[in-house]
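Line order of the protein sequences matches chains U, S and W. Each residue of the first sequence is one higher than the one before, counting from 1 in the numbering used here. Each residue of the second sequence is one higher than the one before, counting from 293 in the numbering used here. Each residue of the third sequence is one higher than the one before, counting from 543 in the numbering used here.
Since the hints were derived computationally from the structure, they do not count as laboratory data. Hints may be right or wrong, so weigh each one.
[Unchecked claim] Covered stretches of chain S, as calculated for chain W (at least 3 residues, CB under 8 Å): (1) 303 to 309; (2) 335 to 348.
[Stated by the list, open to error] Ranges between beta-carbon positions, derived for each pair: (3) U:I53 <-> W:I834: 24 to 34 Å; (4) W:R808 <-> U:A45: 23 to 33 Å; (5) U:G102 <-> S:S354: 54 to 64 Å; (6) U:F195 <-> S:H495: 19 to 29 Å; (7) W:G885 <-> U:D101: 28 to 38 Å; (8) U:D101 <-> S:S354: 49 to 59 Å; (9) U:R13 <-> W:I834: 23 to 33 Å; (10) U:I253 <-> W:I834: 43 to 53 Å; (11) U:D101 <-> W:S591: 37 to 47 Å.
[Unchecked claim] Dumping the calculated SDA-like pairs for lysine to any residue here, alpha-carbon to alpha-carbon at most 25 Å: (12) U:K43 <-> U:W183; (13) W:K811 <-> S:P528; (14) S:K434 <-> W:M810.
In this text, all values refer to a predicted model and were calculated from it rather than measured experimentally. For each residue, glycine too, the CB sits at the ideal point set by N, CA and C.
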Amino acid sequence: MINEIKITKRKKRNQAIAFWIFRLLSYSIVAILFIILSFIVYKGASVINWGFITKMPEEGMTKGGIYPAIIGTLCLVAGSMVFAFPVGVLAAIYMNEYVKDGIIKKIIKQMTNNLAGIPSIVFGLFGMSLFVNKLHFGDSILAGSLTLGLLALPVVIRTTEEALKAVDNTFRQASLGLGASKWQTTSKVVLPIAFPNIITGLILSIGRVSGETAPILFTVAAYFLPKLPTSIFDQAMALPYHLYVISTSGTNIEESRPIAYGTALVLIIIVLIANLLANGLRKYFGKKVKMN
Amino acid sequence: MYKIESKNVDFYYGPSQALKNINIAIRSNTVTALIGPSGCGKSTYLRLFNRMNDLIDDIKISGQVMIDGEDIYGKGINVDSLRKNVGMVFQKPNPFPKTIFENVAYGLRVNGIKDKKFIEERVETSIKQVVLWDEVKDKLKKSAFELSGGQQQRLCIARALAIQPSVILMDEPTSALDPISTAKVEELIYELKAKYTIVIVTHNMQQAGRVSDRTAFFYLGELVEYDETKKLFTNPKQERTQNYITGRFG
Amino acid sequence: MLSSSITSLTVVLIVVFLFKEGIGLFNQKPVEPGYVIAINKNNKVKELSSVQLKNIYDQKITHWSEVGGTHDSIVLFQLEDISNYYSDEQIGDNMQNLGSCMSRLVDSLPNIIAFFPDKYLDKKFQGTLLEVDKVTLHDFFAGKEWIPTAKPSAQLGVLPLILGTLWVSLGAILLALPLGLAAAVYMSEIANERVRRIMKPLIELLAGIPSVVYGFFGLVIIVPLIQKTFDLPVGETGLAGSIVLGIMALPTIITISEDAMRNTPRAMKEASLALGASRWQTIYKVIIPYSISGISAGAILGIGRAIGETMAVLMVTGNAAVIPHSILAPVRTIPATIAAELGETSNGGLHYKALFALGCILFLITLFINLTVEFISNRQKHNKH
Ligand SMILES: Nc1ncnc2c1ncn2[C@@H]1O[C@H](COP(=O)(O)OP(=O)(O)OP(=O)(O)O)[C@@H](O)[C@H]1O
Ligand SMILES: [Mg+2]
Numbered sequence: 001m002i003n004e005i006k007i008t009k010r011k012k013r014n015q016a017i018a019f020w021i022f023r024l025l026s027y028s029i030v031a032i033l034f035i036i037l038s039f040i041v042y043k044g045a046s047v048i049n050w051g052f053i054t055k056m057p058e059e060g061m062t063k064g065g066i067y068p069a070i071i072g073t074l075c076l077v078a079g080s081m082v083f084a085f086p087v088g089v090l091a092a093i094y095m096n097e098y099v100k101d102g103i104i105k106k107i108i109k110q111m112t113n114n115l116a117g118i119p120s121i122v123f124g125l126f127g128m129s130l131f132v133n134k135l136h137f138g139d140s141i142l143a144g145s146l147t148l149g150l151l152a153l154p155v156v157i158r159t160t161e162e163a164l165k166a167v168d169n170t171f172r173q174a175s176l177g178l179g180a181s182k183w184q185t186t187s188k189v190v191l192p193i194a195f196p197n198i199i200t201g202l203i204l205s206i207g208r209v210s211g212e213t214a215p216i217l218f219t220v221a222a223y224f225l226p227k228l229p230t231s232i233f234d235q236a237m238a239l240p241y242h243l244y245v246i247s248t249s250g251t252n253i254e255e256s257r258p259i260a261y262g263t264a265l266v267l268i269i270i271v272l273i274a275n276l277l278a279n280g281l282r283k284y285f286g287k288k289v290k291m292n
Numbered sequence: 293m294y295k296i297e298s299k300n301v302d303f304y305y306g307p308s309q310a311l312k313n314i315n316i317a318i319r320s321n322t323v324t325a326l327i328g329p330s331g332c333g334k335s336t337y338l339r340l341f342n343r344m345n346d347l348i349d350d351i352k353i354s355g356q357v358m359i360d361g362e363d364i365y366g367k368g369i370n371v372d373s374l375r376k377n378v379g380m381v382f383q384k385p386n387p388f389p390k391t392i393f394e395n396v397a398y399g400l401r402v403n404g405i406k407d408k409k410f411i412e413e414r415v416e417t418s419i420k421q422v423v424l425w426d427e428v429k430d431k432l433k434k435s436a437f438e439l440s441g442g443q444q445q446r447l448c449i450a451r452a453l454a455i456q457p458s459v460i461l462m463d464e465p466t467s468a469l470d471p472i473s474t475a476k477v478e479e480l481i482y483e484l485k486a487k488y489t490i491v492i493v494t495h496n497m498q499q500a501g502r503v504s505d506r507t508a509f510f511y512l513g514e515l516v517e518y519d520e521t522k523k524l525f526t527n528p529k530q531e532r533t534q535n536y537i538t539g540r541f542g
Numbered sequence: 543m544l545s546s547s548i549t550s551l552t553v554v555l556i557v558v559f560l561f562k563e564g565i566g567l568f569n570q571k572p573v574e575p576g577y578v579i580a581i582n583k584n585n586k587v588k589e590l591s592s593v594q595l596k597n598i599y600d601q602k603i604t605h606w607s608e609v610g611g612t613h614d615s616i617v618l619f620q621l622e623d624i625s626n627y628y629s630d631e632q633i634g635d636n637m638q639n640l641g642s643c644m645s646r647l648v649d650s651l652p653n654i655i656a657f658f659p660d661k662y663l664d665k666k667f668q669g670t671l672l673e674v675d676k677v678t679l680h681d682f683f684a685g686k687e688w689i690p691t692a693k694p695s696a697q698l699g700v701l702p703l704i705l706g707t708l709w710v711s712l713g714a715i716l717l718a719l720p721l722g723l724a725a726a727v728y729m730s731e732i733a734n735e736r737v738r739r740i741m742k743p744l745i746e747l748l749a750g751i752p753s754v755v756y757g758f759f760g761l762v763i764i765v766p767l768i769q770k771t772f773d774l775p776v777g778e779t780g781l782a783g784s785i786v787l788g789i790m791a792l793p794t795i796i797t798i799s800e801d802a803m804r805n806t807p808r809a810m811k812e813a814s815l816a817l818g819a820s821r822w823q824t825i826y827k828v829i830i831p832y833s834i835s836g837i838s839a840g841a842i843l844g845i846g847r848a849i850g851e852t853m854a855v856l857m858v859t860g861n862a863a864v865i866p867h868s869i870l871a872p873v874r875t876i877p878a879t880i881a882a883e884l885g886e887t888s889n890g891g892l893h894y895k896a897l898f899a900l901g902c903i904l905f906l907i908t909l910f911i912n913l914t915v916e917f918i919s920n921r922q923k924h925n926k927h
């Protein structure tokens with residue numbers, strides 16, 4: 001009996017210790033996140049102002065703003081989404097609504113998974129050899145956008161597929177039962193219901209694309225350009241690449257540190273907004289759907 | 293003294309009340325059957341006795357549940373020790389992804405027993421108790437998943453017996469089994485009565501009639517009738533009980 | 543229809559383009575095109591490997607005997623050295639006589655080895671032109687040096703890069719696995735719903751931070767910290783890479799293993815608790831073993847992320863292409879090499895192709911990792927029925 005009490009006590013103590021350690025480790029991960037965020041916010045906040053985001057770089061990029069990098073990233077995000085979003089959504093619709101379960105679907109799924117697993121630097125190599133060299137787009141916004149678009153494709157496809165899967169089958173049956181065709185059902189019934197979740201996927205892929213560096217290294221990114229790009233065949237500066245160059249190989253690394261902090265903060269803000277927006281949308285529409 | 297007693301027990305899942313003022317007293321070394329239509333609260337009630345409902349968020353209990361005269365929801369109760377004393381067999385056989393031997397030894401090990409010889413002996417006795425020994429003695433090191441459903445369920449009973457509880461709770465223990473395995477488990481329940489107090493949930497009225505001494509009929513969270521099994525089945529006092537056992541609803 | 547096969551098409555195209563350039567490497571000689579290597583016609587040596595050539599020009603090999611020749615010491619010659627032997631008049635104003643000078647020089651010095659452009663190769667050249675083998679798979683995978691710009695012969699040994707990649711990734715996973723697993727266990731089994739609802743988006747945010755930002759953070763915080771703590775000349779080390787990559791691999795590990803643990807059937811947990819096991823015992827004796835394949839899938843994918851990660855590593859590891867011998871030394875990974883060097887190569891050249899070959903290796907590694915994970919999770923599904 002006494003022995004049993006001892007054992008129970010030990011079990012309790014072990015559990016308390018284990019849980020305590022696990023909690024501590026988990027909180028330390030959260031702490032890491034907050035250290036990274038608050039450090040960059042702390043250092044970058046004093047740099048960011050209207051001039052910083054609307055002025056050209058000055059004095060070997062140690063002064064001035066990051067306007068062209070912001071514009072470049074905007075172009076790349078827009079360009080990649082113009083390509084990846086329709087293609088990805090169509091692919092997901094086709095996969096989810098039309099292809100029957102079977103070997104083909106399995107292969108396509110596997111390929112999508114594989115594509116998602118390919119490191120971004122390999123996308124960079126591929127984009128360089130196909131778009132820049134083979135198709136003679138040169139280092140250009142076009143080449144960079146297409147490369148980023150391919151990279152974002154699996155993300156778009158996956159989130160769209162999930163959104164479509166979440167649509168209750170009764171909606172489809174009801175519509176088909178009323179004599180609507182498959183495409184009518186998909187476009188008039190399924191897509192509108194899935195729309196909010198698809199948009200969430202779009203926002204998340206925008207967040208992802210705007211921070212990618214490796215794929216644009218050799219397809220579009222320029223170290224410094226005195227002018228803004230005027231066509232899709234121009235090179236462009238981009239935020240992530242800008243941060244990379246001024247923090248590792250600028251003319252004067254020490255003096256351009258503030259600019260680097262500011263650029264890092266701008267990138268973080270983009271990601272934060274994308275995440276908050278996506279989460280907010282999810283919650284908002286989640287509620288709305290439930291209420292109906 | 294009663295082995296198990298519940299006094300004015302109310303139970304809530306969030307806002308919805310699943311049990312309403314349940315009073316039952318159960319004597320040692322008896323088999324008590326809980327019957328009633330689906331969703332009436334049988335499982336909920338059974339799981340009060342080993343505090344399995346505690347795992348669910350947002351529940352509320354009031355009233356008293358006593359085992360051996362002690363309020364198991366009272367202060368200073370160690371839930372692990374309670375569960376060691378109150379074994380449970382589930383609806384579907386749920387062996388661990390471990391060997392047959394380790395499945396039965398599990399309860400001993402988690403309760404701090406290290407003596408190898410002791411564990412071996414206890415595993416053997418427990419498996420013999422459920423009349424499974426001859427079937428598995430040569431493959432104790434094999435995965436428990438290699439057994440048939442009926443064998444797995446008996447193994448789960450052996451697993452519960454190994455830590456020598458005094459109460460065994462069974463939630464529809466034969467509903468996933470074929471008739472022959474069912475008969476074996478029923479026979480087993482009958483034999484185990486000598487040593488344990490058993491509470492069994494069942495949808496099968498013949499089964500309740502065959503194995504239990506007393507039967508409690510639940511309906512929509514209420515205890516409608518609780519009496520000796522023979523009486524309840526031949527001469528129910530309540531009309532609702534009558535309707536249920538003659539198959540008019542549920 | 544076309545759009546649904548776009549991913550398959552892309553994968554195929556990636557394979558085609560990557561491997562076309564990558565395999566092209568093995569059709570090339572490591573000596574710069576347009577150059578020849580000549581020796582005296584009486585020299586017994588007829589062939590030199592790329593590594594031997596490099597060692598000769600680095601003066602690590604100084605006698606012909608070391609490469610199968612006589613005991614004489616090697617006389618190195620590069621085109622700049624010509625003025626040591628001939629005057630400007632002899633060569634001519636427009637180097638028009640350089641060809642015959644070269645011929646005479648190689649003929650007169652029995653122990654010379656000369657590296658010069660083939661446009662100065664005289665029609666009646668009086669020496670032997672050395673055969674240099676094409677780059678071989680063996681050179682590539684077993685070569686211990688990666689100096690693609692070395693003269694006269696590029697050194698394309700990827701061993702240090704492969705080892706560097708594995709070294710940094712291994713370190714990353716050793717750091718990330720305990721942390722990530724702990725968080726997964728905590729979120730799925732210990733924390734209440736409210737804490738979980740807060741932590742989940744934070745982990746997503748961790749996954750969303752761009753890798754350059756991680757690299758930058760590593761560069762300004764972790765690198766100086768390591769330098770100070772260990773009193774090193776530079777803080778850009780394998781350790782810095784491992785730490786940064788470890789943080790970056792966390793979300794993958796956490797999300798996937800948490801999912802796996804949540805999928806442990808309730809019946810299994812309840813059975814354990816019903817036998818008097820504590821929650822902690824249930825976690826380590828039932829839940830973790832039950833979800834071990836999901837957990838390993840998470841770990842493997844985490845390694846995959848670490849192996850393929852480019853920018854962060856490029857910024858913090860110091861990029862020395864040597865075989866790593868300590869976590870406190872600079873190392874260089876495959877992706878970082880591609881990122882750092884591709885900009886300097888000429889399209890279609892040896893170096894360019896070598897980098898594509900690196901890309902092929904990276905592609906194959908990640909493909910292998912994906913297929914392994916697929917296999918594991920299929921087996922898991924299989925087990926559950
Ligand atoms: N985890 C839960 N959360 C909320 N409500 C629950 C939960 N479990 C059961 N309930 C509800 O409590 C009531 C009683 O459920 P219980 O499982 O006890 O019924 P039962 O009599 O065992 O039914 P069955 O014969 O189908 O097993 C039901 O209305 C059920 O919907
Ligand atoms: Mg039930």
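CB-CB spacing for S:S354 and U:D101 relative to the 49 to 59 Å hint: Hint holds: Cβ distance 50 Å, inside 49 to 59 Å.
Outcome of range test on Cβ distance (U:D101, W:S591; 37 to 47 Å): For U:D101 and W:S591 the Cβ distance comes to about 55 Å; the hint is violated.
Satisfaction of the hinted span 23 to 33 Å by the C-beta atoms belonging to U:R13 and W:I834: Holds: the Cβ-Cβ distance is about 26 Å, inside 23 to 33 Å.
Satisfaction of the hinted span 23 to 33 Å by the C-beta atoms belonging to W:R808 and U:A45: 47 Å, violated
Consistency of beta-carbon spacing, W:I834 to U:I53, with hint 24 to 34 Å: For U:I53 and W:I834 the Cβ distance comes to about 49 Å; the hint is violated.
Proposed proximity, S:P528 with W:K811 (alpha carbon, max 25 Å): With a Cα-Cα distance of about 39 Å, the restraint between W:K811 and S:P528 is violated, given a limit of 25 Å.
Cβ distance range 28 to 38 Å for W:G885 and U:D101, holds or violated: 46 Å, violated
Status of the given 19 to 29 Å range, CB of S:H495 versus CB of U:F195: Check failed, 45 Å falls outside 19 to 29 Å.
Coverage assertion for the stretch 335 to 348 of chain S with respect to chain W, Cβ distance below 8 Å, three residues required: holds (count 3)
Whether chain W covers the stretch 303 to 309 of chain S (at least 3 residues having a Cβ closer than 8 Å to its Cβ atoms): violated (count 0)
Range hint 43 to 53 Å (beta carbons of U:I253 and W:I834) holds or violated: 46 Å, holds
Range agreement (Cβ of S:S354 with Cβ of U:G102, hint 54 to 64 Å): 55 Å, holds
When held up to the earlier numbered hints, the structure conflicts with 1, 3, 4, 6, 7, 11, 12, 13 and fits the remainder.
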